[in-house]
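Given only the sequences and the hints, what does the whole structure look like? Please build it.
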Amino acid sequence: MSKRTWIIACALSALVVTGFLMLSIWQGGGKLTEKQQQLDDAQAAAEKTQSELTSLRDQLSSAKSRIEELEKEKELVTQAQQSLEKEMRKALESKDVTISELQGKLTVNILDRILFDSGEAVLKSEGEAILQKLATVLAQYPSRQIHVIGHTDNVPIRASARNRFASNWELSTARATAAVRFLQEKAGVNPMRLGAVGYGEFHPLADNAVAEGRARNRRIAIVVLPEELAATETKPAQAPPATEGPIDP
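Heads up: the sequence shown runs through residues 68 to 316, numbered per our numbering.
It should be emphasised that the hints constitute simulated quantities derived from the structure, not laboratory data. Nothing here was measured: the structure is a model prediction, and the numbers come from that model. Treat the hints with care, as some may be off.
Stated by the list, open to error - Below are the SDA-like pairs computed for lysine to any residue, each with C-alpha atoms no more than 20 angstroms apart in a straight line:
| # | residue 1 | residue 2 |
| --- | --- | --- |
| 1 | 157 | 200 |
| 2 | 172 | 187 |
| 3 | 200 | 163 |
| 4 | 162 | 176 |
| 5 | 172 | 131 |
| 6 | 200 | 173 |
| 7 | 172 | 203 |
| 8 | 153 | 204 |
| 9 | 131 | 143 |
| 10 | 162 | 181 |
| 11 | 200 | 257 |
| 12 | 153 | 233 |
Unchecked claim - Have a look at the derived ranges for each label pair, beta carbon to beta carbon:
| # | residue 1 | residue 2 | range |
| --- | --- | --- | --- |
| 13 | 251 | 226 | 19 to 25 angstroms |
| 14 | 262 | 234 | 18 to 24 angstroms |
| 15 | 133 | 209 | 52 to 58 angstroms |
The beta-carbon is built from N, C-alpha and C at its ideal position, and this holds for glycine as well.
In structure tokens, the structure reads:
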């Protein structure tokens with residue numbers, strides 16, 4: 068082989084080797100770019116996860132704070148309820164008055180014999196005195212709603228009174244209304260806090276078959292609602308949407 072031929076062969080070999088090297092570098096660069104993209108994607112996913120974790124931690128912290136606030140509010144409500152019940156028991160200490168609490172509602176049951184004469188719906192002076200004491204306590208809790216409920220036994224209205232009270236429905240309602248009017252007009256209770264209803268003989272506490280049971284059933288129940296219920300009951304109702312065009316009769 069001549070020297071010239073040998074030089075050409077070496078040059079061609081060098082070109083081939085260089086080509087292979089360039090191809091390898093190019094392929095390696097592509098793989099490097101792919102790996103870099105994978106790394107970038109993983110980093111972005113990690114940053115997103117970290118952001119979501121931070122958001123969840125913030126939400127958890129807010130939830131814990133709200134729970135603590137609600138627990139404090141509940142404790143304040145419980146304390147207020149206990150205070151109200153204690154003051155009621157102190158002011159209305161009588162064998163004819165019973166006080167009970169259920170689900171935040173405080174119920175004061177007053178037997179009719181200290182409020183009204185038999186079959187009547189006009190308050191006696193003794194009844195007015197006890198309602199005045201009750202109103203004095205309630206004045207310290209101006210956000211509470213007060214429902215006054217009249218109850219009777221199952222003895223029919225006597226004939227001489229049927230021109231005024233056709234049945235125990237009317238008598239129980241008239242008695243509840245008399246108590247409410249006194250609380251508003253004489254004791255100064257805001258009428259927006261008051262409501263009156265009569266249940267007749269249909270919500271007895273005791274057996275109407277015996278005299279003692281009938282005596283327990285003839286009563287006025289004064290129900291003092293918790294503040295959260297009072298707020299919903301005093302919220303004005305929304306007016307219905309206006310209608311266009313004539314209304315069919």
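The hints, checked one at a time:
no.: 1; hint: 157 / 200; result: holds, 10 angstroms
no.: 2; hint: 172 / 187; result: violated, 28 angstroms
no.: 3; hint: 200 / 163; result: holds, 14 angstroms
no.: 4; hint: 162 / 176; result: holds, 11 angstroms
no.: 5; hint: 172 / 131; result: violated, 29 angstroms
no.: 6; hint: 200 / 173; result: holds, 16 angstroms
no.: 7; hint: 172 / 203; result: holds, 18 angstroms
no.: 8; hint: 153 / 204; result: holds, 10 angstroms
no.: 9; hint: 131 / 143; result: holds, 18 angstroms
no.: 10; hint: 162 / 181; result: holds, 10 angstroms
no.: 11; hint: 200 / 257; result: holds, 16 angstroms
no.: 12; hint: 153 / 233; result: violated, 39 angstroms
no.: 13; hint: 251 / 226: 19 to 25 angstroms; result: violated, 33 angstroms
no.: 14; hint: 262 / 234: 18 to 24 angstroms; result: holds, 21 angstroms
no.: 15; hint: 133 / 209: 52 to 58 angstroms; result: violated, 27 angstroms
Checked against the numbered hints listed earlier, the structure breaks hints 2, 5, 12, 13 and 15; every other hint is satisfied.
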